[in-house]
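All chains should be built: construct the whole structure from the sequences, respecting the hints.
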Amino acid sequence: MQQDNSSFWTDIKTFEERLANSPDSYCFARLSEVYLKVGLIEDALHTARQGVAKHPAYLAGQRALAMACHAKGLVDESIVALKKVTEAIPEDIAAQMLLGRLSSGAGDQDAARLAYRTVLEFAPENVECRIELESLDRAAMVESSFDSGAECDDEEIIEDLEILEELDVYEEEETPGSEFQFEEAVAELPAAPEAHHDPLSTSTLAELYVSQGFVHKALEIYRAILKDNPANSIVCSRVSELELLDVTAESPCLDDDEYCENDSEDQLESPTDTFVQPPVFQKTEAFFDSPGTASSLLPPKGIADNAINVLEGWLENIRRIKSCR
Numbered sequence: 123m124q125q126d127n128s129s130f131w132t133d134i135k136t137f138e139e140r141l142a143n144s145p146d147s148y149c150f151a152r153l154s155e156v157y158l159k160v161g162l163i164e165d166a167l168h169t170a171r172q173g174v175a176k177h178p179a180y181l182a183g184q185r186a187l188a189m190a191c192h193a194k195g196l197v198d199e200s201i202v203a204l205k206k207v208t209e210a211i212p213e214d215i216a217a218q219m220l221l222g223r224l225s226s227g228a229g230d231q232d233a234a235r236l237a238y239r240t241v242l243e244f245a246p247e248n249v250e251c252r253i254e255l256e257s258l259d260r261a262a263m264v265e266s267s268f269d270s271g272a273e274c275d276d277e278e279i280i281e282d283l284e285i286l287e288e289l290d291v292y293e294e295e296e297t298p299g300s301e302f303q304f305e306e307a308v309a310e311l312p313a314a315p316e317a318h319h320d321p322l323s324t325s326t327l328a329e330l331y332v333s334q335g336f337v338h339k340a341l342e343i344y345r346a347i348l349k350d351n352p353a354n355s356i357v358c359s360r361v362s363e364l365e366l367l368d369v370t371a372e373s374p375c376l377d378d379d380e381y382c383e384n385d386s387e388d389q390l391e392s393p394t395d396t397f398v399q400p401p402v403f404q405k406t407e408a409f410f411d412s413p414g415t416a417s418s419l420l421p422p423k424g425i426a427d428n429a430i431n432v433l434e435g436w437l438e439n440i441r442r443i444k445s446c447r
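Residues 123 to 447 in this note's numbering are what the sequence shown lists, from first letter to last.
Source of the hints: derived by calculation from the structure; they are not laboratory data.
A few of these clues could be false.
Stated by the list, open to error - Calculated cross-link-like contacts (lysine-lysine; reagent style BS3-like; alpha-carbon spacing at most 27 angstroms):
no., residue 1, residue 2
1, K205, K339
2, K135, K176
3, K176, K205
4, K205, K135
5, K194, K205
6, K194, K159
7, K339, K349
8, K206, K176
9, K205, K159
10, K194, K176
11, K176, K159
12, K159, K135
13, K194, K206
14, K206, K159
Claimed, not checked - Cβ pair distances, simulated, as ranges:
no., residue 1, residue 2, range
15, D350, I440, 25 to 35 angstroms
16, A179, A142, 18 to 28 angstroms
17, I279, E164, 48 to 58 angstroms
18, S144, P212, 23 to 33 angstroms
19, E256, I279, 47 to 57 angstroms
20, E250, K159, 28 to 38 angstroms
21, E247, A179, 29 to 39 angstroms
22, K135, E247, 19 to 29 angstroms
23, M263, E164, 14 to 24 angstroms
In this text, a Cβ means the ideal position worked out from N, Cα and C, and glycines have one as well.
What follows is the structure, encoded as structure tokens:
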């Protein structure tokens, strides 16, 4: 190693003396290469630049400049010099390989693939170059598939945005009174028929309640009928009669002894002409004997019979429950 370094320094001394004696000499390229070998990058770059400035067409000088720039990290300047070399000498494998690596690192994948393919034309057995080229091709395929997917996503996003814009335009075109018109249309819909009591069945049931002594239940039924048909004078009069009967039934009754005493005193003290005859109520059948009302209140024969049979069964059960008590 020491012998190599000593020989390098010997070469450096020789080339420096020659270049000093003849500044236009082409030995600057060799001097720059020797500087790089011993690690004098600044000296190599300075020497190469000065020589290329004097001899721009000298390919060995361009190659020395490219190597010095690469060692210094000046990628763009190195690529420019390498392209000049490879364009003139495409079979320069080392220059082509370095150009491919630097171009790939700089993002110029097309230039990198071109450099590697040129190498394979002159050296198809170069495994390193083939691996680099395959790696670039795979990366290109992945990138193209990603770009196509991104384009599809962009198209879908654009379509969604267009749909949203159409919806916004549609909402803006709607008149402010559209909601009011909708409410009017809803209000104009025919109302559902309200449930009402069947006067045929309820009147029959009410009279059965009266016959069994449940006057207040009969009143509830007749009042419901009267609520649906306030103009029914017959039902109105019947309600009045049942209300009076209900009040009389709820009045407190006196004991037998008190009733007898009061009765005898009333007969002695009260004149016979002032005696008030208590109201006499007819049987329930009299309410149905009226030809003008029976036909309007009674249900059809079959339905009424069935209803009466059911209600009589209920009343019979009520009687049995009362007798058991």
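Against the structure, the hints come out as follows:
no.: 1; hint: K205 to K339; in the structure: violated, 115 angstroms
no.: 2; hint: K135 to K176; in the structure: holds, 22 angstroms
no.: 3; hint: K176 to K205; in the structure: holds, 19 angstroms
no.: 4; hint: K205 to K135; in the structure: violated, 31 angstroms
no.: 5; hint: K194 to K205; in the structure: holds, 18 angstroms
no.: 6; hint: K194 to K159; in the structure: holds, 13 angstroms
no.: 7; hint: K339 to K349; in the structure: holds, 15 angstroms
no.: 8; hint: K206 to K176; in the structure: holds, 16 angstroms
no.: 9; hint: K205 to K159; in the structure: holds, 23 angstroms
no.: 10; hint: K194 to K176; in the structure: holds, 21 angstroms
no.: 11; hint: K176 to K159; in the structure: holds, 23 angstroms
no.: 12; hint: K159 to K135; in the structure: holds, 14 angstroms
no.: 13; hint: K194 to K206; in the structure: holds, 19 angstroms
no.: 14; hint: K206 to K159; in the structure: holds, 23 angstroms
no.: 15; hint: D350 to I440: 25 to 35 angstroms; in the structure: holds, 28 angstroms
no.: 16; hint: A179 to A142: 18 to 28 angstroms; in the structure: holds, 23 angstroms
no.: 17; hint: I279 to E164: 48 to 58 angstroms; in the structure: holds, 53 angstroms
no.: 18; hint: S144 to P212: 23 to 33 angstroms; in the structure: holds, 32 angstroms
no.: 19; hint: E256 to I279: 47 to 57 angstroms; in the structure: violated, 35 angstroms
no.: 20; hint: E250 to K159: 28 to 38 angstroms; in the structure: violated, 23 angstroms
no.: 21; hint: E247 to A179: 29 to 39 angstroms; in the structure: holds, 32 angstroms
no.: 22; hint: K135 to E247: 19 to 29 angstroms; in the structure: violated, 40 angstroms
no.: 23; hint: M263 to E164: 14 to 24 angstroms; in the structure: violated, 43 angstroms
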